[in-house]
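As they're listed, the protein sequences go chains A and B. FYI, the numbering for the first sequence is 72 to 524, going by my numbering. FYI, the numbering for the second sequence is 72 to 524, going by my numbering.
Derived from the structure by calculation, the hints contain no laboratory data. On a predicted model such as this, the values are computed, not experimentally measured, just so you know. Careful, some of the hints might be misleading.
Copies of the same chain are indistinguishable here, so a pair counts whether it falls within one copy or spans any two.
DSS-like, lysine-lysine: derived pairs with alpha carbons at most 30 Å apart [as the list claims (entries may be wrong)]: (1) K104 to K87; (2) K197 to K486; (3) K364 to K486; (4) K104 to K503; (5) K238 to K197; (6) K238 to K503; (7) K197 to K426; (8) K83 to K426; (9) K104 to K238; (10) K486 to K87; (11) K197 to K83.
There are 2 protein chains.
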Amino acid sequence: MRLTRYFLPVLKEDPKEAQIVSHRLMLRAGMIKQQAAGIYSWLPLGYKVLRRIQQIVDEEQQRAGHIPLLMPTLQPADLWRESGRYDDYGEEMLRLQDRHKRDLLYGPTNEEMITDIFRSHVNSYKDLPLTLYHVQWKFRDEIRPRFGVMRGREFLMKDGYTFDLTKDAALHAYNRHLVSYLRTYERMGLQAIPMRADGGPIGGDYTHEFLVLAETGESEVFYDSQITDLTFGDRQIDYDSVDQCQAVLEEFTSRYARTDETHDEAVFAQVPEERRRTARGIEVGQIFYFGTKYSEAMGATVVGPDGTRVPVEMGSHGIGVSRLLGAIIEANHDDRGIIWPEGVTPFHVGIVNLKQGDNSTDSACDAIYAELQARGLDPLYDDRDDRAGAKFATMDLIGLPWRITVGPRGLAANKVELTNRRTGATEEMSPKDAIARLEQVYAPVLGLTVQDK
Amino acid sequence: MRLTRYFLPVLKEDPKEAQIVSHRLMLRAGMIKQQAAGIYSWLPLGYKVLRRIQQIVDEEQQRAGHIPLLMPTLQPADLWRESGRYDDYGEEMLRLQDRHKRDLLYGPTNEEMITDIFRSHVNSYKDLPLTLYHVQWKFRDEIRPRFGVMRGREFLMKDGYTFDLTKDAALHAYNRHLVSYLRTYERMGLQAIPMRADGGPIGGDYTHEFLVLAETGESEVFYDSQITDLTFGDRQIDYDSVDQCQAVLEEFTSRYARTDETHDEAVFAQVPEERRRTARGIEVGQIFYFGTKYSEAMGATVVGPDGTRVPVEMGSHGIGVSRLLGAIIEANHDDRGIIWPEGVTPFHVGIVNLKQGDNSTDSACDAIYAELQARGLDPLYDDRDDRAGAKFATMDLIGLPWRITVGPRGLAANKVELTNRRTGATEEMSPKDAIARLEQVYAPVLGLTVQDK
Numbered sequence: 072m073r074l075t076r077y078f079l080p081v082l083k084e085d086p087k088e089a090q091i092v093s094h095r096l097m098l099r100a101g102m103i104k105q106q107a108a109g110i111y112s113w114l115p116l117g118y119k120v121l122r123r124i125q126q127i128v129d130e131e132q133q134r135a136g137h138i139p140l141l142m143p144t145l146q147p148a149d150l151w152r153e154s155g156r157y158d159d160y161g162e163e164m165l166r167l168q169d170r171h172k173r174d175l176l177y178g179p180t181n182e183e184m185i186t187d188i189f190r191s192h193v194n195s196y197k198d199l200p201l202t203l204y205h206v207q208w209k210f211r212d213e214i215r216p217r218f219g220v221m222r223g224r225e226f227l228m229k230d231g232y233t234f235d236l237t238k239d240a241a242l243h244a245y246n247r248h249l250v251s252y253l254r255t256y257e258r259m260g261l262q263a264i265p266m267r268a269d270g271g272p273i274g275g276d277y278t279h280e281f282l283v284l285a286e287t288g289e290s291e292v293f294y295d296s297q298i299t300d301l302t303f304g305d306r307q308i309d310y311d312s313v314d315q316c317q318a319v320l321e322e323f324t325s326r327y328a329r330t331d332e333t334h335d336e337a338v339f340a341q342v343p344e345e346r347r348r349t350a351r352g353i354e355v356g357q358i359f360y361f362g363t364k365y366s367e368a369m370g371a372t373v374v375g376p377d378g379t380r381v382p383v384e385m386g387s388h389g390i391g392v393s394r395l396l397g398a399i400i401e402a403n404h405d406d407r408g409i410i411w412p413e414g415v416t417p418f419h420v421g422i423v424n425l426k427q428g429d430n431s432t433d434s435a436c437d438a439i440y441a442e443l444q445a446r447g448l449d450p451l452y453d454d455r456d457d458r459a460g461a462k463f464a465t466m467d468l469i470g471l472p473w474r475i476t477v478g479p480r481g482l483a484a485n486k487v488e489l490t491n492r493r494t495g496a497t498e499e500m501s502p503k504d505a506i507a508r509l510e511q512v513y514a515p516v517l518g519l520t521v522q523d524k
Numbered sequence: 072m073r074l075t076r077y078f079l080p081v082l083k084e085d086p087k088e089a090q091i092v093s094h095r096l097m098l099r100a101g102m103i104k105q106q107a108a109g110i111y112s113w114l115p116l117g118y119k120v121l122r123r124i125q126q127i128v129d130e131e132q133q134r135a136g137h138i139p140l141l142m143p144t145l146q147p148a149d150l151w152r153e154s155g156r157y158d159d160y161g162e163e164m165l166r167l168q169d170r171h172k173r174d175l176l177y178g179p180t181n182e183e184m185i186t187d188i189f190r191s192h193v194n195s196y197k198d199l200p201l202t203l204y205h206v207q208w209k210f211r212d213e214i215r216p217r218f219g220v221m222r223g224r225e226f227l228m229k230d231g232y233t234f235d236l237t238k239d240a241a242l243h244a245y246n247r248h249l250v251s252y253l254r255t256y257e258r259m260g261l262q263a264i265p266m267r268a269d270g271g272p273i274g275g276d277y278t279h280e281f282l283v284l285a286e287t288g289e290s291e292v293f294y295d296s297q298i299t300d301l302t303f304g305d306r307q308i309d310y311d312s313v314d315q316c317q318a319v320l321e322e323f324t325s326r327y328a329r330t331d332e333t334h335d336e337a338v339f340a341q342v343p344e345e346r347r348r349t350a351r352g353i354e355v356g357q358i359f360y361f362g363t364k365y366s367e368a369m370g371a372t373v374v375g376p377d378g379t380r381v382p383v384e385m386g387s388h389g390i391g392v393s394r395l396l397g398a399i400i401e402a403n404h405d406d407r408g409i410i411w412p413e414g415v416t417p418f419h420v421g422i423v424n425l426k427q428g429d430n431s432t433d434s435a436c437d438a439i440y441a442e443l444q445a446r447g448l449d450p451l452y453d454d455r456d457d458r459a460g461a462k463f464a465t466m467d468l469i470g471l472p473w474r475i476t477v478g479p480r481g482l483a484a485n486k487v488e489l490t491n492r493r494t495g496a497t498e499e500m501s502p503k504d505a506i507a508r509l510e511q512v513y514a515p516v517l518g519l520t521v522q523d524k
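Chain A with its partners taken away, still in its complex shape:
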């Protein structure tokens, strides 16, 4: 994309309403615009990152064998009356009526609706296991929306629902989600630690939240420092293997890691003192096995191998897609702006032309731009007639991980500068070498397409 053809309304001043850095930077980088309290437009740069995040989520869910569908944003109240949650949910549920005075609500989550889909179409244990998920806009009418997209009212969530015949099978589905989430967050450049969570009114031991450590996190967290040494890396997992998924669960959840909701000082005290850590965290996902709560209430049963009907075992598993942008920025920024991890950056590299209007500099930039595109990379070319300093400041603010700087002096020796946003390290090299380097850097990011089993 050439910047003169793009819509990137960066702000020069810090917006007053932003209390935390991710909110401030998203506004300053022209990524979002607030339309009402907790309701945002995703301007082109923000939308591009949102799409990249959604794509990673989609790829990793499908790699785990989960099937995408899409449920609507509005739901009939009657479904929620069946589960009993219509009355329980309280004021966070946005309720409305259509012109015929029928009660609707803007879905805050989808357990009821997916259970309805299941009971309408699945009849036999032979159609299990089944995991259905969607990535859809939700609404929760928070009393005080704040922190930008981190605590918005209209937000994008991936929510997946598992259906199994037995509790053991449902727990394998739980483990499969844990594995897929570890992969998902690592591809985004995030360390998200699974922490034992509170089952809420449903109870149960099988729920973990995934937390990204950040000073601005809403939760206090307590953990064994060994846990931050764990990485999933590029290990190959067979998602059908109960043992392999169970082993990953044990590896990542056997050390102490809890939020303030489940923290237990007595248990924490057993961690060697030098490894005890207290910090703050941002919740970016949760997995939850809840058994037959909804299937019993709503009559979602299957005929088992012995011919009798049993309620299906369920779990629900969520990733906060839109809030991930905030979390990634909280964990990746400096005083000059955002520093995108390569897996989610809106553009792979910025090209800064130091002498716009100079024929040979312009044509060198055009050639680099075209060649990057030909290799499948997505460059942002700052072709404005502006000072170098202003161009650098924009690139730093919007946080592209790499920058190629092209000027007449360097070109005379067939050199451009390749700068790393995070380290600031700059190397001089030929345009050809710079392109080859970027191709190499991004190969693992671009090469990840998923095939069905």
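We have chain A; now place chain B onto it with these hints.
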């Protein structure tokens, strides 16, 4: 995808509530499920087609230089009070209040919000031309929703908004949209005819609707038969060229083609009698230049070259993304089911194993499945233990354009059958040749990635 791992709840009986063929077939093929009047879940097969359609729309919009963003589904009523449409819109607008009793609405369209974004961020004619678009769920509270996704209440629309300094420039943006829409519909295997439309309360000569001819269309249409001979084909257009876009507009709109709203018998009578046609059509898009209606009401001005502020010239341009599924099926089906055009088919080819459980047939199917995936194709492998007749009926119903049938008898001679869904023509050939043929068929569909200018 292996069918045993998928969720494809086909119905054996015709659903009673469906009045038109596309609605009936979408329900029978397990593509949608109604959740409330005019509100649907998109089951996996339906969602897959929806995504393919959205991707074509996105690619063609970006090829034309239009910039994607995403506005929220809920909007503050105050924006619509500024334009005067909050009171004008009537009962089709779904109005609601949040917990603080603030008036919101579920957006039926986005002129007000995009004008708000524009006025907040754009100040100078130097930032023009600009076209911003999004693909987002909308709600219109139709009094009698029907015909499935063709006339739903919650529906997916692409709506794009153009901003220009002068009327001439705005009309070029109009023409650019017309060209991009012709390309878009043709890639979906549809002939959508631009017909002169009614400007409604705003008036103006610059609006066309795109109609697909189909017996079940909601509008009566009148046209010169020469118009159905026109195709856009694979011509290369420079979207920046005023002349090239204008020439396409003239070619595709100079013959008589109008809906009942704008039909004029006297003008129609000038078409030679043997070329006059009356038919029914489904509206799948509309382009509209409306000048300064919103920019004046909402104060969206830019500083022109002479230093004075002028209201920006605007247009809005829509494609009915979710309703396109219905339109495509109305135009492509037979008594056995859907016949997807290759550009939008959920899976590129179905594989039918005639003897599931037979080692050599199973492994031949596995090899074909893996090889198709390796070539970038997306096969659906019916690996159920079921009769051949049932497998054929499912493939015909869900409408995959191609089917490979694999049985032990053919394999003994290294042969499989390749069947075309539309013509029914079947050829025997080696698995290798069948794969090569499909790769060739789909090359134009898969090869269309778009690069920024």
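Structure-based check of all given hints:
Only within a single protomer do K104 and K87 lie at most 30 Å apart by alpha-carbon distance; the minimum there is 14 Å, versus 46 Å between protomers. Taking the shortest alpha-carbon separations for K197 and K486, neither the intra-copy value of 64 Å nor the inter-copy value of 32 Å comes in at or below 30 Å. In this homomeric assembly, K364 and K486 never come within 30 Å of each other (Cα to Cα): the closest approach is 65 Å inside a single copy and 52 Å across copies. Proximity of K104 and K503 under a CA criterion of 30 Å is satisfied in neither setting, with 39 Å inside one chain copy and 53 Å between copies.
For the homomeric pair K238 and K197, the shortest alpha-carbon distance inside one copy (16 Å) is at most 30 Å, but the shortest distance between copies (63 Å) is not. Proximity of K238 and K503 under a CA criterion of 30 Å is satisfied in neither setting, with 57 Å inside one chain copy and 44 Å between copies. With identical chains, the CA atoms of K197 and K426 are at most 30 Å apart between copies only, with a shortest distance of 19 Å across copies and 67 Å within one. Taking the closest pair of Cα atoms, K83 and K426 come within 30 Å of each other only inside a single copy of the chain (23 Å); across copies the shortest separation is 68 Å, beyond that limit.
For a Cα distance limit of 30 Å, the shortest separation of K104 from K238 across copies, 28 Å, qualifies, whereas the shortest one inside one copy, 45 Å, does not. In this assembly of identical chains, K486 and K87 lie within 30 Å of each other by CA distance neither inside one copy nor across copies; the values are 42 Å within and 71 Å between. For a Cα distance limit of 30 Å, the shortest separation of K197 from K83 across copies, 19 Å, qualifies, whereas the shortest one inside one copy, 60 Å, does not.
Checked against the numbered hints given earlier, the structure breaks hints 2, 3, 4, 6 and 10 and satisfies all the rest.
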